[in-house]
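These protein sequence lines map, in sequence, to chains A and B.
Each residue of the first sequence is one higher than the last, beginning at 1 in our numbering.
Each residue of the second sequence is one higher than the last, beginning at 1 in our numbering.
Do not take every clue at face value.
Since copy identity is lost for identical chains, a pair holds within one copy or between any two.
[Unchecked claim] Once the Cα atoms are required to be at most 30 Å apart in a straight line, the calculated DSSO-like pairs of lysine-lysine come out as:
id	residue 1	residue 2
1	LYS144	LYS157
2	LYS123	LYS219
3	LYS157	LYS312
4	LYS233	LYS312
5	LYS270	LYS123
6	LYS270	LYS242
7	LYS78	LYS384
8	LYS312	LYS345
9	LYS345	LYS323
10	LYS161	LYS365
Just so you know, the hints here were simulated from the structure itself, not pulled from any lab data.
2 protein chains.
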Amino acid sequence: MNAAILTIGDELLNGQTIDTNAAWMGQELNLIGVSITSKLSVGDDEQAIRDGLDYSFKQASLVIVTGGLGPTKDDITKQCLAQYFDDELTFHQGSYDRIEAYFSRTNRQPTEAHRQQCYMPSKAELIENQRGTAPGMWFAEDGKFLLSMPGVPSEMKGLMKNGGLSKIDAVNTQQNIYHYIIQTAGMGETYIAEQIEEIVASFPEFLSIAYLPGLASVKLRLTAIGSDAVLIKNETEALGAKVVSILGDAVYALGNSTLEEVIGQIAKEKDLTLGTAESCTGGNISRLLTSIPGSSAYYKGSIVAYANEVKKEELNVSEETLKNHGAVSEETVTEMVNGLIERLKVDVAVAVSGIAGPSGGTPEKPVGTIWLAIGSKDRLVTKKLQLVKNRDLNIKYTSVIALNELRRFLNGI
Amino acid sequence: MNAAILTIGDELLNGQTIDTNAAWMGQELNLIGVSITSKLSVGDDEQAIRDGLDYSFKQASLVIVTGGLGPTKDDITKQCLAQYFDDELTFHQGSYDRIEAYFSRTNRQPTEAHRQQCYMPSKAELIENQRGTAPGMWFAEDGKFLLSMPGVPSEMKGLMKNGGLSKIDAVNTQQNIYHYIIQTAGMGETYIAEQIEEIVASFPEFLSIAYLPGLASVKLRLTAIGSDAVLIKNETEALGAKVVSILGDAVYALGNSTLEEVIGQIAKEKDLTLGTAESCTGGNISRLLTSIPGSSAYYKGSIVAYANEVKKEELNVSEETLKNHGAVSEETVTEMVNGLIERLKVDVAVAVSGIAGPSGGTPEKPVGTIWLAIGSKDRLVTKKLQLVKNRDLNIKYTSVIALNELRRFLNGI
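Construct the complete structure from the given sequences, taking the supplied hints into account.
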């Protein structure tokens, strides 16, 4: 079954509000086998709402509407829906009683605006709102279905779980959806697409693939849609496993885990402590590793050595190394790793030094030249990056690459 | 002028991606006097894109399209646009040369997919993408305007700033707009609104105010729209200056400077070096300070002391202090400041220690208890925060408050 989402409110258009409702609804509906075909936001305007309803019902037989149900004058969704379904608003005593009871608990009286709020389209089946005053409304006519809810996220979620989703489920003709997520790092989208071209070409018709590129990472999403839930799940998992085996070490997780989470899991499993010695990333790798709850179990700390004197005094990088090879060199990051292991007594250290830009480059070491090293007492891996991005992206990109190399290093222990 | 936003990509519909692009574009377009009338997301499907274009051009004369420009097969935006404008795709050598040059810097060769990516609608004016391979496209025909950009946020933002916004500005000639931005930190939105209630009530009709709350900060945007450019500018500046004088020390900048930039300016003017000693913020304050180009002129580094033994050994926090007062205490952050000044030889140090959550709280020190200290050899300021947010927000909020206190401390030197 397909659904179109229609959200109503000026605040959604001027950039003051980021619409998180739609993503939540998309996930919940996917789980009961409903695909979203479009997601439209319009302002609090009668013509815009009418156009939006026309457009949305052209895309799908189910339309989910949020917003515009409050007591203020700019909330006109209900009138528009009544008009659309050739219906009238009639006073609904049950709704008024609920509001009165709700207010009496806080010693308040409903206002005339609240009374007006109780005029409901007669064709709508009302769904009780346990978190606010405006109920949800369910319309079903001529094979068209519409669910209308307030835009306040907590009220919308409450209504979906306490009636909305089950209404939809009841009219859904039983299509099943199955997603298989493969997360990769350190390999470009185009390169991945070439590697798996043959297997993707062999996908059955019910299975599609999407490439979702991030910074130094690509998420692959395999989506299967079909009536036989077991069949599509089994076939998707078998084909997904083949994709994973082709991409090998570039795959860091199945599902939605982050690199930082995966690193934490490995460190805990192998009982290893971690630390970072950062120059150009300025603490960003440390911030990412400590963003995980419970990271204090394996993460001890970082020395952010932005100035060369801090590299020397806190990380034991030698004057000669800095003089002969420069702060951005394999020799320096190697000494940073060893210095950090000695000072913070960690099992594995990550060190980064580079020229993030926009200034500081030379002909031999242009902006974007980055050296990184990962090491333990027994083993060391170094890597040179030559990036061509701006300062912000150079820092973020380097951080992801460093985390990915750390993951691979930990896997090798 | 009105604009309709059309975003393309299956990932926007199934809830895997929260669409932050649209909110950013809404804000930027509002700043140049363009209102968004609708915001539509559709999947990677030809019919859906065509319907979306029809719908969007019914709402506005300018349509802004993002997504579906990558080299993979599911990206079909370009073909749909060519069809919509009755145009053909022709090979664009300049784009191929750019990709080739971009790849040669990293010793790679473009693939056939990249070559296919260089077929462009002949009617489109291309806008160079400095952060990726797919250029922006600008169509202008029969009073209809369309800007197409990749969906990757950094690429979209780069294209808007390096050409897109000015293209739109050039065809939107009706009114003059003047913005006056006041940035504040450490003061709540409601409190600010109360403080400036009287002066805001006296604003002339052409002048409006928007409160844009961020984390521990509020940006005030005064927007004047009128035909007399000089008059609206002069009046807005006079009234803006009055608002600034009422809000006093909470104002850290006029215009779009960040706290980190303002701190950098003060440090350079006063010739002071800075460093941080971080526990619960995990390097985030260091990351923010080093996000500024040229920060190496005043920023020396950080010791991220996540483990208590690192606090003791690298920051000279005494065993007794940790035992008697705990790691999250005024005494510990005071010793962390002193330890950092001694170890990194900085003029001013920031120290933070707290319980970011979700675990680690006690009845006396619940999750969200944070101590911070800012100090030099001669002066020390400490502050306790009691936050009630989640881990991520506790870290980010603490970082902004710490930077704001650092700014106030530096102003007092």
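Hints versus structure:
| no. | hint | result |
| --- | --- | --- |
| 1 | LYS144 with LYS157 | within (22 Å within a copy, 39 Å between copies) |
| 2 | LYS123 with LYS219 | neither (40 Å within a copy, 34 Å between copies) |
| 3 | LYS157 with LYS312 | neither (44 Å within a copy, 39 Å between copies) |
| 4 | LYS233 with LYS312 | neither (56 Å within a copy, 53 Å between copies) |
| 5 | LYS270 with LYS123 | neither (54 Å within a copy, 59 Å between copies) |
| 6 | LYS270 with LYS242 | within (28 Å within a copy, 61 Å between copies) |
| 7 | LYS78 with LYS384 | neither (55 Å within a copy, 36 Å between copies) |
| 8 | LYS312 with LYS345 | both (18 Å within a copy, 13 Å between copies) |
| 9 | LYS345 with LYS323 | both (27 Å within a copy, 22 Å between copies) |
| 10 | LYS161 with LYS365 | between (46 Å within a copy, 29 Å between copies) |
This entry does not satisfy hints 2, 3, 4, 5, 7, going by the numbered hints stated previously.
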